[in-house]
Amino acid sequence: MLQVGSVLQGRYRITGVIGVGGMGSVYQARDLRFPNVVRYVAVKEMLNLTTDQGMREMTLRTFERESDMLASLSHPAIPGIYDYFPSKTRAYLVMEYINGRDLDAILSASNERLPVSLVQQWAVELCDVLGYLHAQEPEPIIFRDVKPSNIMIDQHGRLRLVDFGIAKIFQQGQKGTMIGTEGYSAPEQYRGEANPASDVYGIGATLHHLLTGRDPRLEPPFTFADRPIREVNPDVPPEFEAVVMKALSFDPADRYPNAGAMKEALLQIVGPAPVAGAQPAAAHVDESAIWDTASSGVAALWRFCCEDEVRSSPVVHRGVVYVGAYDNNLYALNAADGTFRWKYPTSEGISSSPAVADAENLVLFGSLDQLLYAVDTRLGQLSWTVATHGAVQSSPAIAHGHVFFGSDDGNLYAVRLATGRVQWKWPGGVPIRSRPLVAGEMIVVGLESGDVVGIDLAGQMIWRFKAKRAVVSSPAERDGLVFFGSMDWHVYALDLARGWKVWSFRTNKPVVSSPAIGEDKLFIGSVDGSLYALDLSSGKEKWHFETAGQITSSPVYSEGAVYFGGIDGKVYSVEAKSGRLRWSYETGGPIPSSPALYEGVVYIGSMDHCIYALKA
Amino acid sequence: MNFLRRVFGLTDASRSADDEGIQITQEFEAETRPEEPVIEAPHDGATPVAPNGGAGTGADADTDPLLEESLGMMIGTRPLPHLESVMLRPGQRLTFGQLSDIGMVRTNNQDAILSVHVSSASTDDLPEFGLFIVADGMGGHHDGEKAASITTRIVTQHVMGEIFMTMLEQKMDDPDRPAITEVLREALQRANRAVSEQIPEGGTTATLATVIGDLAYIAHVGDSRAYQITDEGIEQITRDHSLVQRLIELDQLTPEEAAEHPQRNVLYRAIGQNETLDVDAITRRLPPRSRLLLCSDGLWNLVPEETIREISARHSSPQEVCERLVKLANERGGPDNISVIVIQAPG
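Residue numbers (the working numbering), protein chains in the order written: chain A, 1 to 616; chain B, 1 to 347.
By construction, these hints were calculated from the structure, which means they are not laboratory data.
For clarity, every value in this text was computed on a predicted model and none was experimentally measured.
Some hints could be false.
Computed list of lysine-lysine pairs in DSS-like fashion (alpha-carbon distance at most 25 Å, straight line) [to be verified]:
#, chain 1, residue 1, chain 2, residue 2
1, A, 540, A, 468
2, A, 246, A, 509
3, A, 542, A, 577
4, A, 509, A, 540
5, B, 171, A, 466
6, B, 171, A, 468
My request is simple: use the sequences and hints to build the entire structure.
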């Protein structure tokens, strides 16, 4: 390293060190040819460390070529090149000294967010200079390393581009595991490809950092889309965000082809100064476009209306839809066309959902009249009933030749399907309204007290978990874990064998909805209006989809899509992978009912008294 | 000492608790298999039995200091002699093997591994418990190995305190206790704070598995890996936090290109890197006789997963599997430290 005071070429006296890098240093030096004024220059030193003779010469030639190229450029944001002199082991480049600070330093020095209008101005200047490079003939010049530390703001407030990456020529592959990535480079650059669109990505990454204050070097690479700018910084106009996000597309073809095109896009939004409170035109159009296709994307195949609200969720079995209604009836409809097969009247409304026991040809359902009914699926004739001492709002579960259900009388019942005889009842002490889960030899059910219990097949309690509020959500099981929601706003995952808490996830309102499982995700609705997709094994949120009302309906997963109803009256289908809306269908009333899927058709009830069949 | 004998089973079956002897075993009567599911009507007058609460009023609170002290004694991190730790026949209960090797090129071992296994038989019906950690340190001046060993210690302290002790206190069903995956995340976050403070220039990966009964809870940061090996095949269940892995996910690189990529060693997430640490948590059920394999990149860079599966299938002893895998990695050059833990589910 050069000492302060040493003189290069009899002309440049080193006065300080600007930066130190692995491949050489940058010095501040005084030009002694101007003895009467203090004229500073920047001297960049690059070590040519390659031991191989041929390689060393090649490195030098590349360096000379790059220096020539740089010296021929003329743009106010590009520092002037005055001189260069190579030697065997190192090369020096003498250039304009810029008095200012780089954006990296500005970012780390500012605790507050940078003014959006300032960033917008820098964005235009940055695109201007890179656009100039991209417009060079015969070949565009690609900067390759757009990042805050290569961009300076000089004492006049102008943006200057520094460090033309020449040092990179001298770099050799580094060894050993390292932490931290470059953060700003486009994906294709790691494959050794670079084009003007790669610089566009670097501009986008730099602007994203400036606007959000989130350093991409500390985040997983290429995850800018996971950190929406306006979520962190609502001052950013949606149009500006849209330009930055387009620049950050993974696929170069989806970005602006070069910085000049990006500058044009920025000027479109910068031109008329953004008015506070003005409608974000571009984003608005996009959204309505989605909604247009959504509302027209699906049509009802049929609907069947009864005399009161349908809160019960349908089941479809062998081409027949079974669903209960508040008009006291259980209906059996032909799935294909919605035509009526039979109905069975109870004495009060039916809020629970039926279950079908295939071998016994029985459909089982509870009624608010305190009975559990077993009705023959073929003719709609009663086989047997079980009398409890409270409304039966729990939906029955069928397993091991038995039906399991809870009652408001506080008991969980196990009833033999063949005879209708009660084998045992487990006293919970408080109403049981969730559908029991039978997983192997364990029965799991939620109570109004917030307790969730694991009971063995002999009716003995094995474990008890206490949520803070009632559990009406019906548990679901996968690979030894059991999942459910609670009125205490949480979604829980427990160890099925022991009831120990594996993870919990907090929503913003009570959770009434029961979970569905698909693609290693758990889907569940919350009264806060969102449908959540959580990672099954860690409880981490993957995405959420917001509706205009509460979600009490339980989602259903089928072939890459999730279906559910909203209290806003709509039936929704969203992509399981991304949470993007596939379609929605508006009914005439709120939908607490959960859908059933059967042969590509969604069946769901609405409080407008109707049952709908929609194409999935 | 009688108490320790009971809890930790310092009997012949477990050999002595030497510096690495974290094989903790308790022998009582042979376990009887539960009978086939029967749904019976209760006899007249039979009252439902309230579970957890009644049973197991064993020595609890007053013995904690003893427990902690003895655990402290037994939890060492390095050096790691080749273990012949598995005394029990595979099949009866969880068994494991572990090996950490310097490799053929490096002059120091920056990996750290640690295993804890507790097994019991009593009316308390404690599930089998295991904690296994692989950490691969990075940084010069012994910073890497320090970061790795600190991490194994802090993680063990936290998990044993928050999960194992809580199991002994029979308070795992306390709803106000943090969830199991939260405990594991917090354990790695504590390690992150400790490494950041004590070894500012060092960092480490960490992949840990806590086994409770037939469930494995895995927490992970960096590019060490966990694989699950069953009769059906082998599956990598952790995701490398590496630049090349992200590029593969974005279809910018093929796995073959990634193996040759000049930046294949660049991690974007590791312990000691940043104030905040995002930890991956994964829960897996362990089918009977299936295996869980934790390893540092010294193994997986040289031995493809299909070969790992074959070697695992060929050897019934988990320790044997570890030794064969390390030997093979060394035969292929052993450019990096190699650490492997193989856990076999009972069955």
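Hints, one by one, checked against the model:
A hinted pair counts as satisfied when its Cα atoms are at most 25 Å apart, and residue 540 of chain A with residue 468 of chain A qualifies at roughly 21 Å. Restraint check: the Cα-Cα separation between residue 246 of chain A and residue 509 of chain A comes to about 35 Å, which exceeds 25 Å; the hinted pair is violated. For the suggested pair residue 542 of chain A and residue 577 of chain A, the alpha carbons sit about 9 Å apart, so the restraint of at most 25 Å is met. Under the criterion of a C-alpha separation no larger than 25 Å, the hint pairing residue 509 of chain A with residue 540 of chain A is consistent with the structure, at around 18 Å.
Between residue 171 of chain B and residue 466 of chain A, the direct Cα distance comes to roughly 12 Å. Compliance with the 25 Å bound is thereby established for this hinted pair. For the hint pairing residue 171 of chain B with residue 468 of chain A, the CA-to-CA distance comes to about 17 Å; that is within 25 Å, so the pair holds.
In this structure, the one hint that does not hold is number 2.
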